[in-house]
Each structure stands twice: as C-alpha cells, then as structure tokens.
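Chains as they are written, first to last, in the working numbering: chain A, 51 to 169; chain B, 2 to 782; chain C, 6 to 144.
A few of these clues could be false.
Unchecked claim - Here are a few chain C residues that face chain B, going by a calculated C-beta distance under 8 angstroms:
no.	residue
1	Ser8
2	Leu27
3	Trp31
4	Glu36
5	Gly40
6	Phe58
7	Pro60
8	Ala62
9	Ala73
10	Ala75
11	Leu79
12	Ala80
13	Val124
14	Val128
15	Ser131
To be verified - Anything over 10 angstroms on all C-beta distances counts as not near chain A; from chain B, calculated:
no.	residue
16	Phe10
17	Phe18
18	Ala56
19	Lys150
20	Gly165
21	Asp189
22	Pro201
23	His345
24	Thr443
25	Gly479
26	Asp590
27	Val653
28	Ile660
29	Ala684
No wet-lab data here; the hints were simulated from the structure. Model, not experiment: these values are computed from the prediction. Built from N, CA and C at the ideal position, the CB exists for glycine as well.
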Amino acid sequence: MEPALAILVGILVAVAVWLMLSRNFVRLLLGFAMLGNGVNLSIFVAGRLSREAPPLVVEGEVVLGAAAANALPQALVLTAIVIGFGLLSFALVLAWKAHERLGTVRTDEMRVAEPERTP
Amino acid sequence: MLTVVLTPFAAALAAPFLVARLGERAVFLFALVPAGLFLWALANLGEAFPGRIEATPWVPGLSASLSFALDGLSALFTLLITGIGTLVVLYAGGYLHGHPQLGRFFAILFAFMGAMLGVVLSDNILALFVFWELTSLTSYLLVGFESGKAAARRAALQALLITGTGGLCLLAGLILLAEAGGSWELSDIALAQSWLQDSPLYTPALILILLGCFTKSAQFPFHSWLPGAMAAPTPVSAYLHSATMVKAGVYLLARLEPALGGSELWLYSLGIIGAITMLLGAVFALLETDLKLVLAWTTVSALGTLVFLLAPSQEPSVTAAMAFLLVHALYKGALFMVAGNIDHEAGTRDLTKLSGLMRAMPVTFAAAALASVSMAGLPAGLGWVAKEMIGTAKVADNIGLTLTAATVANAMLFAVAAIAGISPYFGAKSDAAAKAHEAPWTMLAGPVVLGGLGLIFGMVPQLAADRLIAPAASAVLGTKATLEITLFKAFDWKFMLTLATFAAGAMLFIAWRRYGAAWRERADPILARGPDRGYDHVLAGLAALAGWQTRIIQSGRLHRYVAASFVVIAVMVIASAFRGRFALAGLTDTGRVIEWAVIALTAAAAIVTAAATTRLLAVTALGMVGLGVAMLFMLFSAPDLAITQFMVETLVVVILALILIRLPGFRLSADGDGPRWLNLGIAGVMGTLVSLLLLGVLAEPFDMRLAEWFAAQSVPEGLGRNVVNVILVDFRALDTLGEITVVAAAAMGALAVMMRAARKPDGGRGPDGGRAPDGGEGKGR
Amino acid sequence: MNSLILRAATRALAPLLLMLALFLLWRGHNEPGGGFIAGLVAASAAALQGIAFGPVAARRMLVLPPIAVAGLGLALALLSIVPSAFAGLPAMEALWAKIDLGGGAYVPLGTPLLFDIGVFLVVLGSVVALVAALEHQPH
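Next comes chain A alone, as it looks inside the complex (with noise of 0.2 angstroms):
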C-alpha cells in the first residue's frame, strides 16, 4: 500500500502549499497544518508499513516479533505531531494578535515591520 499512500501525500502537499501561498493568513495557517499532517505522513511511509503488529512486544518475550512495524519513524512522527501542534498554536495566537492590532487578516496589507519604499 506504500506507494498509494505517496500519492495521497503529494497530494496532501500539493493542497498545504495552495494553501500557504495565499495572502490571507488564515488560509496560510489551514495549509501549514496540513503541511504538518502531510510530512508525518511521508516519514512513517518511508519507513514502510506494516498491518495488525504494532511495535509491543508480546508480554513475556524479549525480541519484538519480525513482522511487527518499524518503530523508529513512528517515535520521530510522534513528536513532530506535538511540535507541530505547539508551531500551529503560536502562529494562531499570532494571527489573531496582528488581526487585533492591524484590523486585516492579509498579510500584504501587514506592513509595520517592513514599510512601503524602504530597503
């Protein structure tokens, strides 16, 4: 099912980019997100998949069993879904931060730290 799934992340990639190059940061925020979803996805596919073993040892052995899933990329996704989560909430605050202050969600029209005809 790998290579279904690669596709299914190209997409996921394809959608989160559209999303971010727009001027409207709210849908810059929607696609970082999925970008997020996107990226996890790809690390635990290139880590290659596995059905109905997930990586617990079965009380009493000492060796994971052969067919059991690769753990490794699912210990990296695991925190990268977390960070990923603290980033998308910060940037939110930071969203409605800028919307409080700058009265737009259009980050071309966000122009305080770097003003029109200025190096």
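The hints should help you fit chains B and C onto chain A, whose structure is shown.
For chains B and C alone, kept in the frame of chain A given last:
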C-alpha cells in the same frame, strides 16, 4: 605548549578583576605573565632545531588537533611576542595611567598575545587559522579602543575588513593547501614540496594564501589600514602594528616557504609586491609630519623588505630576512614607545612643532638615538649587520633592479631615522619642548631595553646569529643554516655602496628640513586618491549593492517569501535527487477496502479544505484530513501515533474554532491571491516532487539495522515492551528533551504575546507615535 | 459556552479523562500510551473544562499556572538525567529499581518513568497554556 598558548587567555579573563581589585598595581603582576613565557621560550631555545611537536586531539573527526610545533622560526617569534609583550605591558601601565578602562585594555591585549602565540606555535592548519582570525579580531578591538572617537572606529573597521577579507582568502587557500599536500599539519606539508608544486591546486592555493598574508602584513595595495591603525593607543601600535601582528603574514610566508617557495610565481609576486611596498612606505614616510604616521609608513616599508627578502628562497636572503625581522622588531618597538613618550609628555606628535627636547627628555633621547642607529644601519647597531646581510643577499641573487630599489629605500629610511629619531631633540626649544618632562620609568624601560639590545647585538652579533637568526633560518630553509658574521669585511664596492647610501640619506635629510613642507603640499592631492579612498568607494558600493538586493529579495511580502522558499526547494530537489536512473516503487499488494476508502476520504477532505470558502467548512475538512491520517496510523500498526494524532486533531479543531469565531466574517476564497495559475503550478510541482521522491525512496531496499536494534534492545535495555515509548524516553531521550523544550517555548511565546495585549488594552502605540500601530507580534518572525 | 448538557457532561467526563490520562501514562512503557498521549488527554480534559466553565475553571484544575506546570515538567525531565551521573554512567543512561511486592511480582521504577512524567507535565502545561492564550479575551 598548549599551556603556553592558553596562559595569556587565562590572564585575559583575570585581568578585569585584578584591575578592579588591585588598581594599577595589577600591571606589575600582568608583566610577569609574558615575562614567564619569555623565560620558557629562552629555556627551550636549545630544542629549536629540528623542532619539537606536541599534539592534543581536538576535533579528530575534522582533522582538527591542537598540535603545536616549536622550531627556530616559532622560537624567534615567541621571544619577540613575549619579550616585547612584557615591555609593552609595563609601558601601557604608564601610558594609560588613570584610564578608566584599564581592565578591558589588558584583557584584549592578553587575548591578542595568546592568539599571536597560537599563530606562531600552531602546527595544525585549522588551529593556526583560528588564532590568525583571533589576532584580527583583537586588533580590531584594540585599534578601536578609544571607541568614542569616530576616527578610531573607522580605522578599526577598515583594519578588520581588510584583514578579515584576507583571512577568508587565507582559509580557502589553506584548505586547498591541505588538500594538495595531503595533511593538515604544517610539518607534514613542509615535506611535500615536490608533488605539491605539481598539483593543479598549487596556483590557486598560493594566490589565496598570498592574499591572506599580504593583507595581514599591509603589502601594497592593502597597506592603507596600517597607517590608519595608528588611531590605537601607542602601546598597541608598538606591539601589534610594528613588532608582532603585522609580521604574522611574514611569518606564514616564511613557514610555508619550504612547501610553496621556489616557483616563479612565488619569486615574482613576493619580489614585485615587496619591492613596491618597500619603496612606497619609504616615500610616504618622508611626506608625513605625524611622528607615529612616519613610523607606520617605515613599518610598511620594512614589511615590504621582509616579503621581498623571502622571494628568492635562498639561504643568504632568508638569513637576512630573519636578521632584519629581529632588528626591526627591536628598533621599531623602541621608536614607537619613544613616540608615545613624546606625545604623552610634550602633548604633540607633530614633527614640525618638535625640537630641542633633549634637555627635557634625556633618557628618551638616548633610547631613540640607539634605535635610530639600528634603523639607519650605522655601525655598532644590529641594523648594520642586517643591512650587510641584505646587501650580500642582493648580490648573491644578482637582481640588479631590486638591488637599486633596496638601496634607494635604504637611503630614504636613513633620512627617516634621522627625522624621527634625532631631529626632535636638537635645535631651538619649541613651545612643546618647554613644558615637556621625562616620562615615568615604566615608559622608559621599553625603549631603553629594546634600544640597548640593538646595541648589544650590534657589538656581539654572533650571539644573535647563533642563538636566534640561524635557527630561524634553518627552520625556513629546512636545512641547517650557519652564519658567520664579520663586522667589517673589506673596502670593496659593496662597502662603498653602503657609504654612498649613508651620504644620500644624509642629503635627503637636509633636503627634507628645507623643502619638506613643499613636498607635502605637492603630494597631498595624489595621496587623496590612494587606496584609502578606494576603500571608501568599495564600502559605499557594497552598501548600495546590499540596499538594492534587499529591496529585491526582502520585499516584505510574506506570500513572496513563501513562494520563493518553495521554488528554491523544488529546484534543489530536482537538481540533486533526480540524477541518473530513478526507480519508482509499484503497488505490491491490493490492500483492504477500508484502506482505500480512508485514503480516498483524506484526499477528498484535503481538496475540500482548499476549495472551502467558509470558515466552518474549512475547519471541518481540515479536521477530516487529520482524522484520516490518524486512521491510517491505526490501520498500519501505529496505535500510539493514532491516539496522539486523534487528540491533537481534536485540540486543533477546538482552537481553530475558538479563533475563527472571533475573527470577523470574511470569505476564505483564493481571490486576490495573485496569479492563480502560478500558485497552482508551484503547488502541483511540489506535490508531484514529494510523491516522486517518496516513491523513489520506497523503491530502494530498506535498511532494517536500526529498526532491528531497537526491536531487540527495548526489553533487555529499556525494560519496556512499547518500543516507541522506550525510544522516546530512554534511547533517544535527549531528542525528546529538546522537543518538549520547543513545545514549552511555543506555549511561553504564545502566552507572552497575549499578556502584552492584556497590559495594553488600548492597542498600544509604538515609539514612533502615530505612524503605525506597533504590533505585539514581535516574536516568531 | 452556556450549555447545561455540556456542563453536566463535563462534570462527569473531566475526572474520567484525567484518570484515563494517568492510566495511559503509567502503562505507556509497555502498552500504547506514554507521556505525550497522556499529556494530550489531560489537556483535552482541561480544555473541556475551559469551554464549559470558562478559562478560570480550567486553570483551577491544574492547581498551578499552566506555564509553571510545563516548567516543572522540564525540570523533572532534566532531573531524570542526574542519577546516572552520580552512578558514573553516561548521561541519560536509564537506571531502574525493582520494588518487590512479594510473591515474585514487582513494580519497576526507573528514571525513564520520571522522564515520561516530565514529558506529560510539559505537554499538559503547554497545551493548556496555548488554549488559554487563545481563549483569552482582552476586551
């Protein structure tokens, strides 16, 4: 030797505290540091040939080791650095008497001393480079020590930019050298001459290294920073800009002479640049009235002479170079300190206002006279010996033109010696001389000792020759050099030439007294167009270029940055990954219906998110995507991931809802997002690239070693049956620690942004008043 | 939000979720679960509390301010490194103690568990802080 190099750095750390605790008495304590190192170098002189190497591994994986080598060349430099260093520390104590930032001064001075010792003792190329750059940095801080003065800041920056640019070239050159020579140790590279010079890397490496050395040693056309650096306090000028740091370039040339020397490129570039610098420095010295600037230009001239002498790679000229190096360090250090004394006690360094100082400053005069004898190359000074050897070398190399150049420069320097060393003390008492009095003993010790050493070595030249000059020359030549010095050989044509030089110099001195002012008037417009002006133009051009490219690249529009980032990523992926044959994985199993259903659902939800025009629909669809991913984790044996993803997705929807409820009604459409086809194109290319890359990765055989290691070690080592959790909290706990720190930092940042709003409910105005509301969004940009 | 059903449900659900979180944390070393998941579950309990009864109630549930909880978690995670240093082992090398319950049964207690509790607290504190920041209404 590591201890030797580290000692001054330790002193640098301690200096501010000692000054704060002991006041100016700390200076005497400080002087003990270089004095001790000087004794160490003296005690180790015996081992100077063939040398001794000590290595301490530093970053073995990068071939960087702290290996140090002591041979004749580094011993000579170490003695100069520590010996003159001792005198300079004492001198600075007197010169900067009552200065509020004495602690800072000594801290930087000691850091410089350590860096300089590192340069001359390092055997490892990378270590040498690090120390080399440290000398540039500390020099910058010392030149700009009087940071309140604009001239000092400009001079410091110029010195840093020129030597720093040279340093970059040097780094590239040294890397090429190590590549071509097959070693990162200078001692190995010195043995690699024969095949090093046949390497295609030889020419670029040599040119880059020469650029580094020439900028450091103020060779034409990079010389302009050295006179500017006279903005530094005089002890610094005496130490860095005459005796030690500017000779680092000469040191490296000498050090690399066995490996790189002997080629035509070496001969001509060193010979021509050295000769130009030598003449140019001498001419400009005659055109200045500021005593320090006169000395600075003669230093430029002397550095030119040294480079010039290293050009032929022959025993006579190398020996002469080493002799002149020693002589110059002694007399120039003394003369700088003398200039400082005059400045300090008479209140001016202007030669046109200085005369008749002898009565007021007799000891200073004595020291200046001794140093001038050496500088002029008169008999009884060590300078005489050096000039003799230089003459011999010139004859031996049989380069008529350069002999003429050297003779002309010598005559001019003879005149300058009289101008700078003698003329301020004779004649009618000027106003400045009337109020002048003798300097304190700390400021006299330096010039007297250095001038006296010149005299002693002049009387017993064989002492210096055997102990210092011959070992140094041996290290440069790679074979044992011996040196027989006879003070007087014969009334041959060479002797007559020397006499003629003296006569020409004396006439030049008389002419200077009469016509000097007219010369300066003539020269001023020419000087104004020199490399110093060129430096200004280059800087202005750089600033303009930076402004132009900032306007282009930093448009201040987020969507352009995002688009540019994705385009660059796409180009780099295409350029690097898709080379040659590229296999793609195909479907090997039909899969279960539910898997296909979840995949289709997730893809559909993603597309709905992109097309949604209302907030509710977009958030719901995004949540569906997340749930779809969570289900895929579940279906493919990742329960931990599935639960995490499910929880996170719930929270994402909650917070998105919380935020979006409060944002005013607006449509989420893609209208106004710029060229739609372009954005779609970028998105399509990125998606396709990721899919292709992943398919390519899947087509490769999978390396199971890591997975199997964790599978096997989880229970015995980690005492846990959930392998994912064991990896997170045990095997890779350091990573996890970093990750939870990021999470906590994000939370803290978000809270800080919100808190700021809470403190300023009026929306807060920035310091610039009403121009634009100051956002509280300063973080995370 | 003023919903009687939500409030009633939250009153029952929040403690249950918290207990579930602790359970997930405890068994995480051997079964699906662990500090990250437990932290997220506990945070969702707090978020639920916040939505039903307002941000003050959510914060009261944690006893300490959320950022302090996160800080405490980081400190615990860092602290779990210390014992191995005293035992002369490489940093972060796990140490285990088996607490005998009699009859061959024992409870393994080790520095990884301490570390996982730290992770739990960081995730809990941070997520609650983030949600609280977003709920915060200056006007």
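Which numbered hints does this structure break? As far as the earlier hints go, 1, 2, 3, 6, 7, 8, 9, 12, 26, 27, 28 and 29 are violated by this structure, in ascending order.
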